Amino acid sequence: MLIHLSVRQFAIVKSLDIEFKQGMTAITGETGAGKSIAIDALGLCLGDRAEASMVRPGADKAEVTAEFSVADLPGAQKWLEHHELQSDEPDECIIRRVISAEGRSRAFINGAPAPLQLLKALGQHLISIHGQHAHHQLLKADNQRVLLDQYGGLSKQQEQVKTHFTALGSLKKRFNELQASQSQRQARRQLLEYQVSELDDFALQPNEFGELESEYKRVNNAQVLLEQSQLSFYQLYADEEVNALSLVQNSIDKLSDLQDSDPALTPIVTMLQDASIQINEAAVELRSYLDDLEIDPFRMQQVEQRFNTCMDLARKHHVAPEQLYDYHQTLAEEFKNLQQDDDLLDNIEAELQQARQQYVQSARMLSEARRKHAARLSKQVESQIHKMNMSQARFEISVLFDEHAEAQANGLDEVDFTVSTNPGLPMDSLDKVASGGELSRIGLAIQVLSSASQSVPSMIFDEVDTGISGPTASVVGSLLRQLGESSQVICVTHLPQVAARANNQMFVAKFSDKQTTETSMIELDEEERINELARLLAGDTLTESAIANAKELLKLN
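With UniProt numbering, the residue at position 445 of the sequence shown is 445, and numbering never jumps.
Any given hint could be a false lead.
[Unchecked claim] With a straight-line cut-off of 27 Å between C-alpha atoms, the simulated DSS-like cross-links for lysine-lysine are: (1) Lys120 <-> Lys156; (2) Lys140 <-> Lys432; (3) Lys173 <-> Lys156; (4) Lys432 <-> Lys61; (5) Lys140 <-> Lys120; (6) Lys61 <-> Lys14; (7) Lys140 <-> Lys387; (8) Lys140 <-> Lys156; (9) Lys387 <-> Lys432; (10) Lys120 <-> Lys162; (11) Lys372 <-> Lys162; (12) Lys432 <-> Lys173; (13) Lys336 <-> Lys172; (14) Lys21 <-> Lys510; (15) Lys21 <-> Lys555; (16) Lys61 <-> Lys120; (17) Lys372 <-> Lys316; (18) Lys14 <-> Lys514; (19) Lys61 <-> Lys514; (20) Lys551 <-> Lys387; (21) Lys162 <-> Lys78; (22) Lys162 <-> Lys173; (23) Lys140 <-> Lys372; (24) Lys379 <-> Lys140; (25) Lys21 <-> Lys78; (26) Lys156 <-> Lys379.
Hints are computed from structural coordinates only; laboratory data are not their basis. Bear in mind that the values here come from a model prediction, so they are computed numbers and not experimental data.
Please construct the entire structure, taking both the sequences and the accompanying hints into account.
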């Protein structure tokens, strides 16, 4: 619950400190005194937009601090723990908002800087504010659905629908993307099918091109290789008249006889002996090479044809011939993936149908829960407005489920609040039947009833009783008083019948010395409450009759 609100240099407030209590608190004051100023300031702590005009003229900044007790709020405690924003005092939560004269804003939760999104998220666990124009929001179908869901406490069912809606949306997006590109994939697949088939038929193997290129060069030069190898063998070894081996051997024989005359010839002889061995071995290898070297015209044709085909395919696909094998594998993989995409499209279509069924099932369960709570809320609202001088009125909430409608995050229901204000008149939408005063009464009844079912511990009603008076106002006061028995209720009102039902009452006053204006708020004791209620009843001139009526109103508590 809200414990304390501190306001500094905000609008016409110079300094304000307010202690709030459990139960129902009424805030009254003269017209224009700024009865809603505390609520406006509190709204900043709940993430409302800040403006430079909110800073009191002449001040360099405005500051608002709200202190809450979260002792009985496990949801708020869990939220603070999840975001690591706990206070040193486990049952305390302090929200502070500072606005500079230039309009810059800073926010803090338990002393830690926080963005406005976190203020708004935390505020949902702490307090709800019902503004004076909330009745007009009843005319919107979306708000009618929200009020019904709040009343029924259907957050879990809503979350299930939202989860299935998100999953359905993801599948639908993927399906649409694949379907949109299907014609492009089809054209690409046809091209790849031809290319891959052509390369499959050629069936180039890993590293084959390097081997093929070497063999191509060899067979293409086979005749030259044969002729030059035979000539070299003849010159090295086979020529009977003179060959390299016999010449070297002859030099070895002559120089060996001279080694005794000059030892310097010894290393030369050794080198010649080594050369003789090398020449002999080379001749042996060359003979073996000639024995193996065959000129096979058929093989030459095969190698040349495959080599040329490889070169042609490489040029056709704009790749280097040594990259043709890898390019073939890449195309084959792409072709395989395109085939899988078509299979995936069929699979996603089946999953999409299943996801739609799951979504519809969860939306149907939410709809059934809505219809159940709609029947109960209809009876309760009708009962309350009968007490508010609408004794002949009928009120119904219809929930129409359409499983073929386009999926929405909030389900497949059309929620409609209908009313008949006089006997014999048909039921119709609020905007077609209810007058401004009737709409105020219906709206207030719905707000009070829906708020009573929420887990938010503190509720603020800002002049929501506008448009009602007399006995109806007394009923409204009783409703708010009853709501205050289980929650903290703060009500800004101009009706004495409502203010009298409060457990506590605060008075807002505005002072001006023609140079500056300042607003203050004080808690009233019993005598002050009587005088304030009398003022609300009779105006600024207090009469004995008005004071007596004020005392009678307070006795109702």
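Discussion item. For a quick check of understanding: which of the numbered hints are violated here, in increasing order?
Written reply: As far as the earlier hints go, 4, 12 and 17 are violated by this structure, in ascending order.
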